[in-house]
Amino acid sequence: MIPRGWVFALVAFVVALLLPVIFRGNDYLLNLCVVAGVYSIVVMGLGILLGWAGQMSLAQAAFLGIGAYTSAYFTTHVGLNFWQALPLSILMSALVGVGVGYPCLRLSGHYLALATIGFGIITQLVLINWKAVTNGSDGITGIPAPPPIGSISFESYGTYFYIVLGFVVLCAYIAARIKATRVGRAMEAIRENELAASAMGINTTRYKILAFVLAGSYAGLAGSLLAHSIKFISPDSYSFDQSVVFLVMLILGGSSSIGGAILGAALLTLLPEVLRPLKNSYIMVYGAAVVAMIIFMPRGLVGLIEAFSNRLRRPEGV
Amino acid sequence: MHDPIVNLQLLINGLAIGSIYALVALGFVLIYNAVGVVNFAQGDFVMLPSYVAISFLVPTITVFGFAMHWQLPAIGVYLIVLVLMIGFALLFTRIAYAPLRDRGWMPVVISTIGVSIFLRNFAQVTWGSQPLSFPSPFAVDTLDFAGLHVRPQDLLIIAVTAVLIAFQYVLFEKTPLGKQMQATAQDRTTARLLGIRVGRIVSITFIYSVLLGTISGLLVSPIFSVTKEMGSLIALKAFAASIVGGFGNIPGAIVGGLAIGVIETFGGFYISSSYTDAIAFIILIGVLLLRPQGLFGERIAEKA
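Top to bottom, those sequences are chains A and B.
Reminder that position 69 of the first sequence reads as 224 in the working numbering, one-by-one numbering, no gaps.
Reminder that position 65 of the second sequence reads as 70 in the working numbering, one-by-one numbering, no gaps.
No wet-lab data here; the hints were simulated from the structure.
Just so you know, even glycine gets a beta-carbon here, dropped at the ideal spot from N, CA and C.
Relax, there's no trap hidden among the hints.
Using 25 Å as the maximum straight-line C-alpha spacing, the simulated DMTMM-like pairs for lysine to aspartate or glutamate come out as follows:
| id | chain 1 | residue 1 | chain 2 | residue 2 |
| --- | --- | --- | --- | --- |
| 1 | A | K286 | B | D282 |
| 2 | A | K434 | B | E234 |
| 3 | A | K286 | A | D391 |
Simulated DEER-style distance windows between Cβ atoms:
| id | chain 1 | residue 1 | chain 2 | residue 2 | range |
| --- | --- | --- | --- | --- | --- |
| 4 | B | L295 | A | T360 | 17 to 27 Å |
| 5 | A | S292 | B | L294 | 28 to 38 Å |
| 6 | A | L433 | B | I85 | 27 to 37 Å |
| 7 | B | A164 | A | L260 | 35 to 45 Å |
| 8 | A | T336 | B | Y174 | 48 to 58 Å |
| 9 | A | S436 | B | A167 | 38 to 48 Å |
| 10 | B | T65 | A | P242 | 55 to 65 Å |
| 11 | A | L260 | B | A103 | 29 to 39 Å |
Given these sequences and hints, build the entire structure.
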């Protein structure tokens, strides 16, 4: 029998494939689907760092910003196209990931959270003030869409969504592969007990930095994808508050599960839209919903789904 | 760099804003010591009372779009706000902390983040998104001493902070309640075995922390305008201050707050005003790298 997780993943993939058809003509909703896909890549990266290696980070939005600005700079100033700039975004965020991960090795818990907050705020200030590269608060406009493949243009959100979806699948696949290997198990050992892990011969320094690099690379890739979809970027999209939203997405989805990361990101991107009839008080309800979900769904959405499908399987509740 | 008057003025400004960081940092540390959690809604404990106070103080303020026409005397308003905030603190403890207390620190952090999102939007819905200006309790904006311009509000902030620090010292060192709070912070199980009602002490700690935020808010509002975001940067810097001083260490939080206030004020003037807000975090990262236990050491080792 096929494992249940794969069935869910397959169903979700087919639904995702159909989204541009379902929402055809509604640019607003299609854009939202692109954003949900991009955010699920960011949150998967955070899942590797926090869910597996147990290292807290509130700087994912800064890495997203570094990826977005790298790609925007190289396409608008240097004349590269999307596919050439994308690897540079990943590389840049990965390098910064080493730069942040290394000094943070000695920290954990709240201290690490704070150091990453500090890094995030400094990054945002640099984006605002380094006008030669970032154009300051005005942001960078006119970021080109990816070059067309044959007759397929990626100017519209509908077609662009498939590029994003492709990367979501690729990132999920890579994360799942890593999780099943020695590297993934080493990270989980560090999360459970760092001292015991190092006594077992795990090079904790190496794996913690690797976790930061992976989280940074995922966010950098996502940043590039985001920049070429909305074609305009400005520093306020990469704030501390946005990093907090990524953290909430991960925790509500289910912090150590790849599916949970995607589900949490997609749901919380769409939740404000569902609440939009409440007009300007919808964020209030969103905040209250976060509190309610953390109280009543201790293992996140994934935990809820597992509990539900277990009940379906064994009606006697064995 | 050599004008003593300018430097003195910067020092007073820096100490005033540093006092605010110190009070908020104290609020962080007290809650952290009592329940082992960093409260991400601490900044909103500064914002909320400022809005409540301004609704009673300024007749033109609208609440949910209705004109209030209230203009009560300032002292009365401050007392009303303090009482309302005690109620808020009890509600906060009951909703955001109590149901999650046995599940480790992460869920509580998320729920305080949820409360923070809620409160900021609540403020926006209730009082609108325009920044509001808070009436100063003083008739003049600046006092002039032989070329030295001093805002009386700055002096008030420094004086009130000094009184609160003295109060904190007497409370913790000389009263049974303070001893019980310290015992709870050190070891909850043993404190409970000794007959201390830990649940009640935790509630009192939350109330005290909220009141510190309230007083900071009432003090700082006449200088900054009242916005839904006013508390967030103050809280982040106060958090940085408490780590610089050594997390969990009360004198450390106070000195850290004052130091960050003074350094960022001088840095903003002499180095770069656009990077003023980065200074606190650059100091923080430097301290974390060079002396991770903070300037004063810390009570709880969590970094190893």
